[in-house]
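*Asks:* Here's the letter readout for the chains.
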Amino acid sequence: MLTSLRLHNFRCFEGLSVDIGPGLNLFLGGNGEGKTTILEGVCVLLRLQSQRSASLAPVVQTGKKSFGVRGRFEEHELEFRYRALRRQVRFDGVEQRTVGEYLRLGRVVSLANVDIELVRGGSDTRRRYLDFLGLQIDNAYRPALRAYERALRARNALLKSPTARPREVAAYDAPLIQHGQVLLRQRAELTESLAPLAGQAYERISAAREKFTLRFVPGASADFEGDLERSHRESIRLRQTIVGPHRDDLELRIDDFPAAQFASEGQQRGIALAMKIAQADVLKKSGDKKAPLLLIDDIFGELDPERRNALLDNLPPASQKLVTATAMPWRDEIIADIIYELCDRRLRRL
Amino acid sequence: MSRTGGSSSLRRVFHLEVLKRTEYPEAIRDLITQLRQMPGVGPRSAERIALWMIQSRDDKPEQIATAISKTRAQIRPCKLCGFFATEELCEICRDDSRASDLLCVVEQPTDILPLEKTSAFRGQYHALGGRIAPLDHIGPEDLRIQELLDRIARENFSEIIFALAADVEGEATTNYLVESLKAKPIKLTRIARGLPAGGGLESADELTLYQALTGRTKL
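Chains as they are written, first to last, in my numbering: chain P, 1 to 350; chain L, 1001 to 1219.
There may be inaccurate statements among the hints.
Pulled from the structure, derived: some chain P residues nowhere near chain L, Cβ distances all over 12 Å [said to hold, decoys possible]: (1) H8; (2) E14; (3) R81; (4) P143; (5) A147; (6) E192; (7) Q200; (8) A260; (9) D337.
Derived contacts from chain L toward chain P, CB cut-off under 8 Å, selection only [to be verified]: (10) G1139; (11) A1172; (12) L1207.
I should point out that these hints are in silico values taken from the structure, not numbers from a laboratory. Every value quoted in this text rests on a predicted model; they were computed, and no experiment measured them. Ideal placement from N, C-alpha and C gives every residue a C-beta, glycine not left out.
Isolated chain P, as found in the complex:
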């Protein structure tokens, strides 16, 4: 459980300190007040990555060179400082050389309106969805992902070089295959645990007759090495590696129709929610079996009271929740443990 959060030069906040309660913490405030940034602070503190941007560079407050987040999670003191070429991670005051132990602690699921991109957006959104979960479940995921990305970028740089460098490209095949196979297997396993849970969650929250299915579409077959060899000519023509886990995708279907084209807006939002609920369920079943911390950004505003309750009922009840909303139209319905109002970069407890 997270009990406190401190932000320093973090996006719009020069300094902000928040006490966080065990159950539902509600943050109220107008647009642009920094509600999402508080949730982002939690995500960066616990996962060392942002739920809303791929890079941490934009998180640094304009005109500053670094940012810092600190917080207390269970009996541990966490601290992360970021500057362009240096990241510093402290666990109980001790600087960490590797992030393994630090990242084992807090696990997070983020629910936000942009999740609809999981259905409508490009495949990178869905790979990020799998990675966000994989990085929290398996210690081997991070090294495999980083090494694969590095080998892929190096290989593509060689394919793009003005003079052909076939022998160097070939030298990068082995690491690409080795780490790529780990990644392919891990993502297939993740999807296997996610798919039934996502289907069930969709059924519960939408109370609909249609069926939602989730399937892993790997970017290479079990014979990744053979695929690489067979695609060689084409990849030289296109000057990039065209098979591999960087082409992985998830296939989302509603009653056998591709959800991106055939599902209604409401159905698409339902799918996105179901996928995130499944993420929370998988986390709850893995590792230390603790319910993950939930960051729920501005979702409740769009749902009617019935759907709001259905959503809350479907999230792990033991989860600590940080919820943002622009207004509180449902004062009588939801009992928040702590309600904060955010105005002019200041938090006021109501």
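Could you slot chain L onto chain P? The hints should help.
*Replies:* Below, chain L alone, put in the same frame as chain P:
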């Protein structure tokens, strides 16, 4: 004078001092700037070193200056292996008692000393001066790879041991060299990787354990 009046006039004096910042003379500032170019030296250390140099009562700073220029003039890379040498060949390459048919390939000349400390290897070395890293624009032509191939063609090695880093670039560089050499009747090996000495199984990650398993040794 009241207490509040006193503190506000104090504040005024303090404020003025903040505006009129006195700095070190330019010569000292230049020295600090020069020192900061050294690896691991930040602004605070640079200032401390500079002040020590200026205030030192003996000629230690001059001795250091002489040592720097003398060493720079004396030390050059060994023509054969790339290690630090004062003559054409380094101490290791001149040592006749070492096995002449074993060659160990490393990335940097600084990788040689840790291997020497183990006393497990008494053969020849070859430092590449880096590894093939397209993202840093380093290709085979930027490394001492041609020198390595010439040396292997010239000398009579029975085994070549690759001791490069166990990361993506180290791996790729090893693959590249193995590909260039595998037609020759020379045994090509790579140093083992796996569990750290004194480490338990539970603390090892999946990849390390996998490599430890596939690279197991016969008892």
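*Asks:* Honestly, which of those hints from before does the structure not fit?
*Replies:* Numbers 4 and 5 - these are the hints that the structure violates, sorted from lowest upward.
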